[in-house]
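Required output: the full structure, derived from the provided sequences and hints.
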Amino acid sequence: MGWLFSARFNAIIAIILFAALSRMLPHPPNFTAIGAMALFAGAFLPIAIAWFVPVAAMIVSDLVINNTVYADFYNQFVWATPGAAWSMLAVALIAVLGSKLLAKVSLPRMLGASLSASLVFFLVSNIGSWLTLDIYPNTVSGLITAYIAAIPFFGNTVLGDMFFCAILFGGFALMPSRWRSFNVSA
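Numbering (my numbering), first residue to last: 35 to 220.
Incorrect hints may appear among the rest.
[Stated by the list, open to error] Computed beta-carbon distance windows for the label pairs:
| hint | residue 1 | residue 2 | range |
| --- | --- | --- | --- |
| 1 | Pro80 | Asp106 | 32 to 42 Å |
| 2 | Ala90 | Lys134 | 46 to 56 Å |
| 3 | Ala207 | Val174 | 41 to 51 Å |
No lab work stands behind these hints, which were simulated from the structure alone. Where a beta carbon is used, it is the ideal one built from N, C-alpha and C, also for glycine.
Laid out in structure tokens, this is it:
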């Protein structure tokens, strides 16, 4: 538990919070740090909390975004949107994926993990859209329609995950070595 108060742990949490807060900045649809944030947590936090930290960051940032940026759309305080649980599940799965694929961080592994994260988010969040939104019938055809409707957003998801992986992992690599030295992945 000594890692909990280490400079490394605090740096990792700060990077994850930065990633979550970056969602508040104007950005193209689906060009966000969500996948990179979850991969980063999975790569550098103990698995017991690697899934929880990015999910908690998503919940907090969703609360802020839904009740400030989208306040006119909802017209009331919103705790969670209908498909939010599916997005949170995707984030948790991506963090677990990051703990497996990025046990040793390298550029090829990061690229593969980033593409995998984009695919996981696409598959899980769009199943959630299909199940929770009334715009798709609960049939195989409806599921296929949900995936087809999401294809235009997938490119930005991939680009966003790659861009933010470079920022988060690169930024962490450039931090002073004393902040990176204590291995919390054990």
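Taking the hints in turn, this is what the structure says about them:
{"no.": "1", "hint": "Pro80 - Asp106: 32 to 42 Å", "in the structure": "holds, 41 Å"}
{"no.": "2", "hint": "Ala90 - Lys134: 46 to 56 Å", "in the structure": "violated, 21 Å"}
{"no.": "3", "hint": "Ala207 - Val174: 41 to 51 Å", "in the structure": "holds, 45 Å"}
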